[in-house]
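Protein sequences appear in the order of chains A and B.
Per this note's numbering, residue 1 is the first one in the first sequence, and the count goes up by one each step.
Per this note's numbering, residue 1001 is the first one in the second sequence, and the count goes up by one each step.
Be aware that one or more of the hints could be misleading.
To be verified - Partial pick of chain B residues on the chain A-facing surface, computed with a CB cut under 10 Å:
no., residue
1, G1008
2, R1158
3, V1248
Treat the hints as calculated values from the structure; they're not laboratory data.
Glycine residues also receive a C-beta, built at the ideal position from the N, C-alpha and C atoms.
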Amino acid sequence: MSERPVLEARGVDAGYQRRRRHPATTVLRDVDLVARPGELVAVVGPNGAGKSTLLRTLVGAQAPLSGRVLLDGADLASLSPRQRARRLAVMLTEPVDVGLMTVESVVALGRLPYRSWLGTKTGDDQSAVDRALADAGVGRLRGRMLSDLSDGERQRVMLARALAQEPAVLVLDEPTAFLDVARRIELAAVLARLTATTGAAIILSTHDLGFALRRADQVWLVGGGSAVTASAPEDLAYGGAIADCFAGENMAFDDAAATVVVADTATPGATARVEAAGRVRQWAEHAVRRAGWAPSEDSATVVRVEPGNPCRWWVDGVAGVGFGALVAHLRESQAVPSMNHVGEL
Amino acid sequence: MSVSAEQGTRRRVGYVAGLFVLLVVLVVAVVVVLITQGSVAIPVGEVIRVLTGQHVESEITRTIVVDARLPKVLAGLLAGAALAVSGVQMQTLFRNPLAEPFVLGVSSGAVLGAAIVILGAGGAGWLAGIGVISRIGVTGAAVAGAGAVLLIALGIARKVGDPVVVLVVGVMLDYLATALVDLLIYYTDPDRLQALTTFRRGSVRNVTWDELEIIAIACAVVLGLSVYLAQPLNALLLGERYATSLGVNVRRVHLLSLTGVAVLSGITTAYCGAIAFVGLAAPHLARGLLRSADHRLVLPASALIGAVVVLVAEYVAGGNGLTRTSLPLNSVTAFVGAPVILWVLLSGRARRRGR
Chain A
1 MSERPVLEAR
11 GVDAGYQRRR
21 RHPATTVLRD
31 VDLVARPGEL
41 VAVVGPNGAG
51 KSTLLRTLVG
61 AQAPLSGRVL
71 LDGADLASLS
81 PRQRARRLAV
91 MLTEPVDVGL
101 MTVESVVALG
111 RLPYRSWLGT
121 KTGDDQSAVD
131 RALADAGVGR
141 LRGRMLSDLS
151 DGERQRVMLA
161 RALAQEPAVL
171 VLDEPTAFLD
181 VARRIELAAV
191 LARLTATTGA
201 AIILSTHDLG
211 FALRRADQVW
221 LVGGGSAVTA
231 SAPEDLAYGG
241 AIADCFAGEN
251 MAFDDAAATV
261 VVADTATPGA
271 TARVEAAGRV
281 RQWAEHAVRR
291 AGWAPSEDSA
301 TVVRVEPGNP
311 CRWWVDGVAG
321 VGFGALVAHL
331 RESQAVPSMN
341 HVGEL
Chain B
1001 MSVSAEQGTR
1011 RRVGYVAGLF
1021 VLLVVLVVAV
1031 VVVLITQGSV
1041 AIPVGEVIRV
1051 LTGQHVESEI
1061 TRTIVVDARL
1071 PKVLAGLLAG
1081 AALAVSGVQM
1091 QTLFRNPLAE
1101 PFVLGVSSGA
1111 VLGAAIVILG
1121 AGGAGWLAGI
1131 GVISRIGVTG
1141 AAVAGAGAVL
1151 LIALGIARKV
1161 GDPVVVLVVG
1171 VMLDYLATAL
1181 VDLLIYYTDP
1191 DRLQALTTFR
1201 RGSVRNVTWD
1211 ELEIIAIACA
1221 VVLGLSVYLA
1231 QPLNALLLGE
1241 RYATSLGVNV
1251 RRVHLLSLTG
1261 VAVLSGITTA
1271 YCGAIAFVGL
1281 AAPHLARGLL
1291 RSADHRLVLP
1301 ASALIGAVVV
1311 LVAEYVAGGN
1321 GLTRTSLPLN
1331 SVTAFVGAPV
1341 ILWVLLSGRA
1351 RRRGR
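Using the sequences plus the hints, can you model the full thing?
Quick look at the structure:
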């Protein structure tokens, strides 16, 4: 952790000015952040807390209201747009429709900050484009038209385009927003590999807490008043900062799942002892909770579940097959008509 | 790079080069036809002798070539190129595949500007006395009118975003400008109206060498500028935020490009009238043929295609008395332009482009 920071926020107040000569609205106050080479930083926070404002300020799309943002130790405001573009690349959420352009020529746009106004291509450009295509895993798509690709592929191409800028800092705005679970995991793996191969600091905003906590070296938690808390993901989760920030009524931070879940609304007195082992036990407890009961070791009611697909279960002499039937049985035998079931998120 | 990828690249370069050669050949062919053919046919050899200043048998030949046909052909060539280049830039700036000087009312804005100067200028003898200078005044007014409509249209386009709505707004701006011109005409002395009629229908037939000089200089400057703009415009294809992140000064590119478009469409309108749809059709044809949206290729290809379209339209419309008709250029270019608009609308590209 002794490496020199590539991106630094020092005493930054961030916000926006809706109209000229109107007082600015400060969204974030006195922010101090440091990103080092090779770090994966996740920016998390509830909607409207100021994630976008923070990112826009860090990439220089809007000036900080006070304080300084340093890129390689130089004030972002003092760099020319081209100088900045050689050190800092972004990937936005907004979809792009460039019309007829091949993947390779879209990625080659990332070389713009290095080119003369005539746009003559140099050997460096070609090798940087080749490397970016390979790093983002889209080398085989190079000759395809961008408009023919799937959303996931298109996003990887935009990642390659950002990499072609050979940035020291790569900022991604909600890269997981439109991706399914498999594509998310793929992207996470690609990003983690990139921090190692390119040595760039990658800063991304995300709504996916599990992703942020499992993969990030550092989490910047935006929310809870106009503050930004920077820390290791475990510190934020264990210390309860994430729970405070996200959990509203009827919500709790689930440590095992590393995400915020709907709080259990167990009916008082409805407890059951689960007799099972391993994964069966985990899912049996899940079913018990879903039925509105609380698993408890010293309960008189015993729920015994044996593995199998579907599983077999016994509750107070009643036997059945499958978790669905178990939940139905538990709800019925509890017989509390007024109980509100809050479904799992 | 793998062997097959390298082969693909080489084949692609060959295709693009071949396409440009073909377009240049087409332009030259149309130019030759329009100079040599007509009510009086002149052999190519004679034309070359006239142009190189050698002795020609009859002075009439020289007059026909130098004073009648050549200015017209050059004006058509430049107007076509200018409109096409304007169209490409507007389509990228507006993020709208239907943007074009004529469709968005920019040409009508130019006519309005010119009409205000022509009809509103005090003193009757303005045209007879100081032809070129007053022409420049009219040209300036046309450019200003074009620029004003461009600014309004872009302002609305940035707010609305939906290309089809922007198209309707353009049509409204067009009506408004035309209505203002009608109003001016209604309250003006009929003697001055003659000067305005050429403005209102596209025609390259009355262009003189003096005028051509102005068109040529302006076109050369602005077409040169668009070479410089090609790369930033490519970045703008990704959207303004991406372009900014690539170190492009978006405001400056907008300003330069809009000024260029205003000058090109203002000047072509001032001298050749409002020629419709070339600025729309040529860029789409260029992109389709090139299979690319790269402005470094699309800008020059569109310029060549625009020139060909205007010259062919001039041939069909009955320039030189080649066909038995005498139509305004617009009636011919509409046959190229209207199908392109329909194709763009129906293929759904207009919708998808919306932000």
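Verification of the supplied hints:
At a threshold of 10 Å, the smallest CB-CB gap from G1008 of chain B to chain A is about 6 Å, leaving the interface hint in force. Using the Cβ-Cβ criterion of 10 Å, the hint placing R1158 of chain B at the interface with chain A is not satisfied: the shortest such distance is roughly 15 Å. The interface hint given for V1248 of chain B is met, as the beta carbon of that residue sits about 7 Å from the closest beta carbon of chain A, less than 10 Å.
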